[in-house]
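For chain L, the structure is supplied; the task is to place chain C on it using the hints.
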Amino acid sequence: MCRSLNLLGRWLLSLTGVLILSACAQNELTQPSLSAGDRIIGYSGQRVGLYGYGHPISATEIAGWDIDIRPDGVGLPPGNGSVEQGEWLYEEQCAECHGSFGEGVGRYPVLAGGEGSLQDARPSKTVGSYWPYTTTLFDYIRRTMPFTQPQSLSDDETYALTAYVLYLNDLVDDDLVLNQHNLATITLPNQANFIPDPRPDVANIRCMSNCRDPAAIRIHSEVAPPPDPVVLTAQVQDQSSTPVHPGREHYELFCSVCHKQGVGGAPIPGNAAHWQARMQRGLPDLVSNAINGIVGDTGVMPPKGGFMQLTDAEVAAAVEYMLGERRD
Amino acid sequence: MSQRELDNLVHSIAKSGDQLGTLERRRFLKSGLILAGAAASSAAAQSPDHLPPSTPPWSRSLGRGVVSHPYGSPSQHEHHVQRRTVDWLTADHISSISFTPLADLSGIVTPSGVVFERYHAGVPEISPDQHRLMIHGLVERPIILSMDDLVRFPCESMIRFLECPANGGMEWRGAQMDKLQFSHGMLACCEWTGVRLSTLLEEVGLKKDAAWILAEGADGSSMSRSIPMDKALDDALIVYAQNGEMLRPEQGYPLRLINPGWEGNTCVKWLRRLEVGDQPWYQREETSKYTDLMPDGRAREFTYVQECNSVVTSPCPEKPLSEPGKYQIQGLAWSGRGRIKAVDVSVDGGVSWRQARFTSEVLPKALTRFALEWSWDGSPALIQSRAIDETGYVQPTYGQLRQVRGSNSIYHKNAIHTWRLSPNGAVSNVQIS
Chain L
1 MCRSLNLLGR
11 WLLSLTGVLI
21 LSACAQNELT
31 QPSLSAGDRI
41 IGYSGQRVGL
51 YGYGHPISAT
61 EIAGWDIDIR
71 PDGVGLPPGN
81 GSVEQGEWLY
91 EEQCAECHGS
101 FGEGVGRYPV
111 LAGGEGSLQD
121 ARPSKTVGSY
131 WPYTTTLFDY
141 IRRTMPFTQP
151 QSLSDDETYA
161 LTAYVLYLND
171 LVDDDLVLNQ
181 HNLATITLPN
191 QANFIPDPRP
201 DVANIRCMSN
211 CRDPAAIRIH
221 SEVAPPPDPV
231 VLTAQVQDQS
241 STPVHPGREH
251 YELFCSVCHK
261 QGVGGAPIPG
271 NAAHWQARMQ
281 RGLPDLVSNA
291 INGIVGDTGV
301 MPPKGGFMQL
311 TDAEVAAAVE
321 YMLGERRD
Chain C
1 MSQRELDNLV
11 HSIAKSGDQL
21 GTLERRRFLK
31 SGLILAGAAA
41 SSAAAQSPDH
51 LPPSTPPWSR
61 SLGRGVVSHP
71 YGSPSQHEHH
81 VQRRTVDWLT
91 ADHISSISFT
101 PLADLSGIVT
111 PSGVVFERYH
121 AGVPEISPDQ
131 HRLMIHGLVE
141 RPIILSMDDL
151 VRFPCESMIR
161 FLECPANGGM
171 EWRGAQMDKL
181 QFSHGMLACC
191 EWTGVRLSTL
201 LEEVGLKKDA
211 AWILAEGADG
221 SSMSRSIPMD
231 KALDDALIVY
241 AQNGEMLRPE
251 QGYPLRLINP
261 GWEGNTCVKW
271 LRRLEVGDQP
281 WYQREETSKY
291 TDLMPDGRAR
301 EFTYVQECNS
311 VVTSPCPEKP
321 LSEPGKYQIQ
331 GLAWSGRGRI
341 KAVDVSVDGG
351 VSWRQARFTS
361 EVLPKALTRF
371 ALEWSWDGSP
381 ALIQSRAIDE
391 TGYVQPTYGQ
401 LRQVRGSNSI
411 YHKNAIHTWR
421 LSPNGAVSNV
431 QIS
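Residue numbers (my numbering), protein chains in the order written: chain L, 1 to 328; chain C, 1 to 433.
Here chain L stands alone, though its shape is the one from the complex (with noise of 0.2 Å):
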């Protein structure tokens, strides 16, 4: 049907001039553009509807995409999840780069405690210390968590998710089941510290002259000048000038996310210790749970770890460079 669709649209573009977009790629439901006799004219008289580009867009379509929370709970889907389930699923995909209290692994990012430290020489800034809002919590774990599987929870999931982390901070009790109606009425203890931007807020002035005292200039701090860039230059020469491993690229921009720093009990390239059991299995092994994801008993490894964009043998490349790693 959409080839017709297309067809005839080349045909009558030919014939008459009138550019009939394809709507191919559209939802086939969706309707022609509004003609010039249906615009709409908007509050400040504005000539809504001028070109007439594009197509009128369905309430199911906005909806698919429609995922923003307001502080109000507008937004929110339908669904439930309580601490308990949160505390299931947060163990399984969160703790391996929040850490199981929330305290963070490496530099992921700290979920819980600081409570009080805003003022401090080193502020702990997390959801309970410094958030001003539930819903952004829930927001944001729906449209980008986990990190290597962004939008793959369903609703349910991030309510019991959101409970959880609310937990973490002590801000609920244990038995709490969070949902539509709630959630949005748990208030954040700093809510009422974010103020608007008062700035131009410093007064310098242009003096040419005299401005101070040479005497008193003090330096306070320094970092010490890099190497020579005749050097650096030679240096970056080098780098490219030595063999690289095919899959170190994919390695370096994708598996080492986890693998680095052994993040879910990923092995780490070098570690002999976790790669001996490993090897027993044969690379063709390795490799094929590389690509198909696997629950092992140390961690979870997603298909591909989440990068659904590299081809096979680009995986298997970065598993061989990961190995070659360990020999070295």
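The hints are simulated quantities; they were obtained by calculation from the structure and are not laboratory data. Be careful, since some hints might not be right.
Stated by the list, open to error - Examples of chain C residues toward chain L, derived with CB under 7 Å:
id : residue
1  : SER61
2  : GLY63
3  : ARG64
4  : ILE94
5  : PRO142
6  : ILE144
7  : GLU156
8  : SER222
9  : TRP281
10 : ARG284
11 : PRO317
12 : VAL351
13 : SER428
14 : VAL430
To be verified - Sample of chain L residues at the chain C side, in silico, Cβ under 7 Å:
id : residue
15 : GLY54
16 : PRO56
17 : PRO123
18 : ASN193
19 : ILE195
20 : VAL202
21 : CYS211
22 : PRO214
23 : ARG218
24 : TRP275
25 : ALA277
Where is the CB? At the ideal position from N, CA and C, for every residue including glycine.
Only chain C this time, still in chain L's reference frame:
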């Protein structure tokens, strides 16, 4: 080393390489070539056949023909001009940042290939045929647009800077980065082409209470920010081209938002959705991040503007001085509030200042180049620049900023920057009081 000795060396390297395995052989040959290259350049230094009275070899031979590189790249001798990252800043390279090599650039337009990168979930590969922009919410006529639709709207091109609000944020507590690339490199300036957001909003028709717009990306982070309607109707641009070609994937191909003069994070890449509403959404990137924590524990929200700023790009740590003599102190100035009115340069740590001259066009919300001629006598110097924008705002000192904001606000650091020039010509990053 004579030519004969050089030939013998290369021959012996190649010969011994024959006995190696393929991979080792490649490695061996390449290391040999580096050796040979070093030897060749030392030979050239003794008898420079590229300098008069000799005629250089490239004047006595033919170069490559047309379309040998259908899409050209910089000269191989510019290989060092690269984006670089700082590994300790982020947990991985997927949600991370890289820096523009400012020291090696000229003029006010940043080449697309070295514009700093900031991703929250890596670079998505999106076919323009499959990309869509949805506009809905408090509008009369919610629509979905293809790229073919978007390029049919009236278009506009403007040269505007793009800066991450965290640019220089590592320096609030003291000098920390050893190069200009890292102290100021979350900065670029490009010619952006697209359709004004106001044109699209007129097309869909705003309803009475329309006051905010949520802009959302199609990447794996669905990065989202709330934009006030005033900005949307003022100069926001929905961009599909950059520096004369389609956007680079790193910059949001095929579609992004540009809010001129505002923090880069609001310029949502891979733009897929604009929702009109009557209040902001308080997304993660405007609550947990991109809010400015003050010493009293309160935090400023919706801190959009990138205030007036400047930095000396030569000399800098990557561009030391070779010997005493006349130099052009050069640099960049920019302001999110409009045009740069003047830039002053000091070589004595701010005791005295001289006004620099502009060496580029002075465009609103764009990088602006300045230069000041200076005779360096070989003494130590503390080199600074101070920009003033058309609102009369004078770029502040670290002391003035810290007095109001402390040192934990991460974002919007626009203090006067100091380079220390040593008698040997080396340049280091310092902070003075």
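Point to revise | Hints violated by the structure (listed by number, smallest first) | key: Structure breaks hints 1, 2, 3, 7, 24 and 25.
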